[in-house]
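J.: Protein sequences appear in the order of chains A and B.
Counting from 1, one number per residue, gives the positions in the first sequence under the working numbering.
Counting from 1, one number per residue, gives the positions in the second sequence under the working numbering.
Just so you know, the hints here were simulated from the structure itself, not pulled from any lab data.
Just so we're clear, the structure is a prediction, and the values are computed from it rather than from any experiment.
In this text, a Cβ means the ideal position worked out from N, Cα and C, and glycines have one as well.
Some hints here could point you the wrong way.
What the hints assert, rightly or not - Simulated crosslink set (EDC-like; lysine to aspartate or glutamate; CA at most 20 Å straight-line):
#	chain 1	residue 1	chain 2	residue 2
1	A	Lys118	A	Glu265
2	A	Lys71	B	Asp142
3	A	Lys71	B	Glu2
4	B	Lys6	A	Glu33
5	A	Lys71	B	Asp248
6	A	Lys273	B	Glu2
7	A	Lys71	A	Asp171
8	A	Lys8	B	Glu2
9	B	Lys100	A	Glu33
10	A	Lys152	B	Asp223
11	A	Lys224	A	Asp171
12	A	Lys6	A	Glu265
13	A	Lys152	B	Glu2
14	B	Lys6	A	Glu259
15	B	Lys30	A	Asp227
16	A	Lys6	B	Asp223
17	A	Lys8	A	Asp232
18	A	Lys110	A	Asp232
19	B	Lys100	B	Glu162
20	A	Lys152	B	Asp142
What the hints assert, rightly or not - Facing chain B, a subset of chain A residues (Cβ under 10 Å, in silico):
#	residue
21	Val17
22	Leu41
23	Leu42
24	Thr67
25	Trp97
26	Gln130
27	Thr230
28	Phe270
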Amino acid sequence: MKSFTKNKIWLRTVLQVFFFVLIALIAINHILEDRGMAIPLLSNASLHAVCPFGGVVSLYQFATVGTFTQKIHQSSFILMILVFILAILFGSVFCGWVCPLGSVQEWVGKLGKRLFKKRYNHFIPRRIDQYLRYLRYIMLAWVLYATAMTGKLAFGDIDPYYALFNFWTGDVAVTGLIVLGVTLLVSLAVERPWCKYVCPYGAVLGIFNLFSVFSIRRGESTCKSCDICTRDCPMNIPVHEVNVVRDHQCIGCLECTSEAICPIENTVVFATKGSR
Amino acid sequence: MEIRSKTLGVIIVIVIFGGIMGASVLGLWKTISVRNPARLQRSESVGETAGENAGTGAYHPADIRGNHQFGEISEMFDIPLETLSRAFALPADVDPATFKNQEFDTIYPEFEGEQEIGNGSMKWFVALYTSLPFELEDDEEDTYLLRPAVDILKSHADLTAEQIAYLDAYTIEIEVESEPVENILPGDEPQTSAESGGEAEVIERKQDEMVVAGKTTFADLLDWGVPVEQIEALIGGEIPNRLMRVYDYCAENGLSFGDIKTQLQAEVDKLIP
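Construct the entire structure; sequences and hints are all you get.
T.: In structure tokens form, the structure reads like this:
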């Protein structure tokens, strides 16, 4: 048994910071480009062009008319495909390793942990929470339907991701700023509230968790059922109760694994079927 | 097979950036929309009507930046300053020689939104005026020109029928009490800034949203309240897909977008209280 101290999945933090900074710089460069002051060698694409969810909401229009939804470009489709490849292999790792909005919620949550200690991320009773988790599929259905009917980004005015990187431009709807503010505020008490309850893209990627090649697997024979993996899961998944985590909410952060929090070597791992 | 965090992190980076690089190599990575390049590119006419600018070393309209002044653009592309001033309806108290493209929003506040006059409008105007090759690109909104600019281009530039149709679709109507367009074309005595700016140039948008333009879809018309029967009567057939642009429908069916647009706008205007 290894020492009962949590090891940091440091590369995940590095990538989260990297992607956050990258997207922030691209957003800034997009504005600078309009003023003839673009930073060389850095993309000045719009945020919509580097958002893989743009590809998802454009699918219907692309299939029926052959065009993209307003403001969406071919790069969004490419990113959508790349993230789908990752999701088929590893599930929703995009959410846990790449998405800047998820990262920001996580970082705000670190402050919340200090404020609320053990109550942090456990405010909402499980019997209610388990149903709330499906709200994001309602959101997904609405976004896809509204976008398909109008050909416009129905999600745009409430998108906290867009608001996060453009709040300083005056180009963000008030509703977007409000949603971002509420998300960050709630992040103090609940880890990744937007991801858990609202995010339509997380809903899409969560489906891949049901059949991804790799998934979180628990070795029943060596597990001591200490449930620390469950307590440490940002998405409140009862890892210690299952042998394979096929939960649509898992973000593949690996924080529950023996590499991080699990005190028994090779007991909770990210692996393919048959390796346990 | 088990995978550790370091391996997973590396794979994520490789898939995302490797995929982007691969797409770039294949020419699939496009973060901006290039609209109708074949229709708008005028490379075949370079050298015929562009005068000196068409020769070796001519500036490219794509190089026009937001911080370029009208005076600089006038010199670079050999376009009379007065023509630029008139095309973009500069107010009387603005010195056209030092006015910058990035300052458009200071004189057209009412255009904020879907219809916008910006640096792309200047590139587009210069390209058509000089017949220099240029692919109209815009990553956010469609590129519009003011009515005076369109009139100048129609009178001066060698436009194709498709380009004229495009201009008609992307024109912002304004009222300008001024000299006829013919009076400000090259070869004529240019007016002074004071003369041209003395007129009260009142810029009006018909409505914030309900303007039939090139990017208007059938869904937009239906959302505005135009009956489906009325639309289908005007276009002479069933709406194939509500997400389709009216402009594209007209192009595919050999219809004049200008005519259809006018009729549809009349129907839309009936709905405006």
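J.: Can you verify the interface hint for A/Val17: is its Cβ closer than 10 Å to any Cβ in chain B?
T.: violated (12 Å)
J.: Is the hinted pair A/Lys273 and B/Glu2 satisfied, with a Cα-Cα distance of at most 20 Å?
T.: Between A/Lys273 and B/Glu2 the Cα gap is close to 9 Å, so the pair holds against 20 Å.
J.: Taking 20 Å as the top limit, are the C-alpha atoms of B/Lys6 and A/Glu259 close enough?
T.: Satisfied, since the Cα-Cα distance of roughly 10 Å is no more than 20 Å.
J.: When the nearest CB of chain B is found for A/Thr230, is that gap smaller than 10 Å?
T.: Hint violated; A/Thr230 Cβ to chain B Cβ min 19 Å, cut 10 Å.
J.: Regarding the pair A/Lys71 and B/Asp248, is the alpha-carbon distance no greater than 20 Å?
T.: holds (18 Å)
J.: Quickly compare the C-alpha distance for B/Lys100 and A/Glu33 to 20 Å and report which way the hint goes.
T.: holds (15 Å)
J.: Taken at face value, is the distance from the CA of B/Asp142 to the CA of A/Lys152 at most 20 Å?
T.: Answer holds: A/Lys152 to B/Asp142 is near 14 Å, not above 20 Å.
J.: Quick one, are B/Lys30 and A/Asp227 close enough, alpha carbons at most 20 Å?
T.: Roughly 47 Å between the alpha carbons, so the hint for B/Lys30 and A/Asp227 is violated.
J.: Verify the proposed pairing of A/Lys6 with B/Asp223, using a straight-line Cα cut of 20 Å.
T.: violated (55 Å)
J.: Using 10 Å as the Cβ threshold, decide whether A/Leu41 counts as touching chain B.
T.: violated (14 Å)
J.: Taking 20 Å as the top limit, are the C-alpha atoms of A/Lys8 and A/Asp232 close enough?
T.: OK: A/Lys8 and A/Asp232 at ~12 Å, within 20 Å.
J.: If you take the shortest Cβ to Cβ gap from A/Trp97 to chain B, is it below 10 Å?
T.: holds (5 Å)
Hints 1, 3, 4, 11, 13, 15, 16, 19, 21, 22, 23, 26, 27 from the list above are not met by this structure, while the remaining hints are.
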